[in-house]
Structure formats: structure tokens, C-alpha cells
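Undergrad: Sequence:
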Amino acid sequence: MQGKSFPALVLIAILALVVSNSLYIVDETERAIKLRFGQIVESDIQPGLHFKIPVLNTIRKFDARVLTMDARPQRYLTLEKKAVIVDSFIKWRIASVQAYYEATSGDELVAARLLAPRVDEGLRNQFGERTMYEVVSGERDEIMNELTSKLNEITKAELGIEIRDIRVKRIDLPPEVSHAVYERMNTERQREAREHRSQGKELAEGIRADADRQKQIILAEAFRESERIRGEGDAIAASTYAKAYQQDPEFYSFVRSLEAYRNTFNSKDDIMVLEPDSDFFNYMKQYDRTQ
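If you count by the working numbering, then the sequence shown holds residues 1 to 291, one letter each, in order.
Simulated from the structure, these hints should not be mistaken for lab results.
Certain hints may be false.
[To be verified] Beta-carbon label-pair distances, calculated as ranges: (1) 49 / 81: 32 to 42 Å; (2) 51 / 7: 24 to 34 Å; (3) 98 / 186: 51 to 61 Å; (4) 263 / 232: 17 to 27 Å; (5) 80 / 145: 42 to 52 Å.
Yeah, the Cβ is synthetic: ideal placement off N, Cα and C, and Gly gets one too.
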């Protein structure tokens, strides 16, 4: 029994190996072609489970997703012969698997080498037809859309590649020009700064002069108001004094004399020279010592 079962196991193993080599799977993100001794027998195989003849057929799979190629910065001349350094990138995908394989042998590096000069030539032509302002800010989207449309037709026919988008990451001036431009911009900004500073000083002087004028007006009005109030107060005080004096002139005169004595003899260092019969000492002379 053991001698009969061994050939059966070998046969099963061979059948399993043949079946495993006959089936293959193409992923959703891939496209594939079937080759027979290097010749394409089936192109653009869609995702799913497929069958092949072992040994005779070879399957080549390619990434069907949108890929990115980062181009090297290149120097271009604008319409007015001004040099710019352009850094760009390309979005592309396989449109025809057979054409892509025949043109690049399925190698992405080869595809990139074939795409780069075409994109470079297209950008050079587009920049050469426009001014510096147009390529920097005015018509950049129009340039990219027009270039993408033109190159897409060429690469589809020649390389089996669909160009989805071409974009410029940045545009710089050459190093020898950048320094001069920077110096000119710096000079312009310094001139503008001086103008703004002088305008600010002129405005500050005007504000300061107006503030000083308003200060003088406010002080004059305040002094006038204080003098008016003081005059009204003095008038009321004089009227009050007059009324009090009319009620008792003698007592009023006595109080005023006391205030005069207090103010006069307030300091011990003061010296006053008066005649003894002066009216200043009137109430002193009337003082009776015997009382």
C-alpha cells in the first residue's frame, strides 16, 4: 500500500504546483500584460484572478496609480530674455499598458528619463512666449493647463503615459541676479521707510502743535473761570462782611484789629516802628489795667 500511495502523493504535488503556477492575481492598483517568450499575447489585463500557461507565459505587473515625478530645477528665459530657475513636478499614470511596456520595458526610471526632456522642452517654450509677470503671477495656471494638454497627447501616443498634471513648485531668480534684485528691493524699502518716517514726524508735529494750542486754550479758559469764581466769592464775602459790619460796626472793627494783631505779631523776628498814638493800637490803649 505504501508503494502505491507514494506516486499518488507525487502526482498530487505536481498538480498543485502546476495549478499554483497557472493562476495569478492582479491587484486593484495594478495593470498587467501576458508575454510568451517575450512577445505580448495579452495586454492591459484588468484586476482579478487570471490563468496562464506555466513556463510559456510570463506576467508583468505595473503600478496603475497616479505617480509623481519630481523634475530637477531648470533655467529658462522669458519673453524679455530674463532668466528664471523653475522647480516643477509631474503627475502621471499608465494609459496604455502595451505602449508603456514597449516604450519603457516597464521600468519607471526609464519612463522618467523619457518624460523629463519632453516636459523641459514644453516649459521652455511656454516661458519663452511670456513675460516675467505672466509666468510669476499672471498666467501660471494657464501655462500649466496648456502644457499638460499638449504633452498628454504626445506621451499617450509615444509612451502610453497619461499626464494628469504639471505644476510649478517655485520660481527663483538666478543667484547672480537675486543679489542685485535684493539690493534694489532693500533700497526701495529703505526709501519708503524714510518717506513714511518723515510723514510720521510731520504728522506728529502737527498733532503736538494742536495739543499745545488746545492746552493753552484750556488753561486760559480755566484761569478765566477761576477768576470769575474768585471774583464772585470775593463779592459774596465783601457783601457778608458789609452786612456784618452794618449790624455792629464796633465789634467788626474789634475783630479786624485782633486779626491784624495776630498776623503782625506772628513772628518774633518782626520789628515794627509805629507812633504810640497810632490807630493801630487803638484797642490796646483802651485796655484798663485796673480791671
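Undergrad: Hint by hint, say whether it matches the structure.
TA: Taking the hints in turn, this is what the structure says about them:
no. : hint                  : verdict
1   : 49 / 81: 32 to 42 Å   : violated (60 Å)
2   : 51 / 7: 24 to 34 Å    : holds (27 Å)
3   : 98 / 186: 51 to 61 Å  : holds (58 Å)
4   : 263 / 232: 17 to 27 Å : holds (25 Å)
5   : 80 / 145: 42 to 52 Å  : violated (23 Å)
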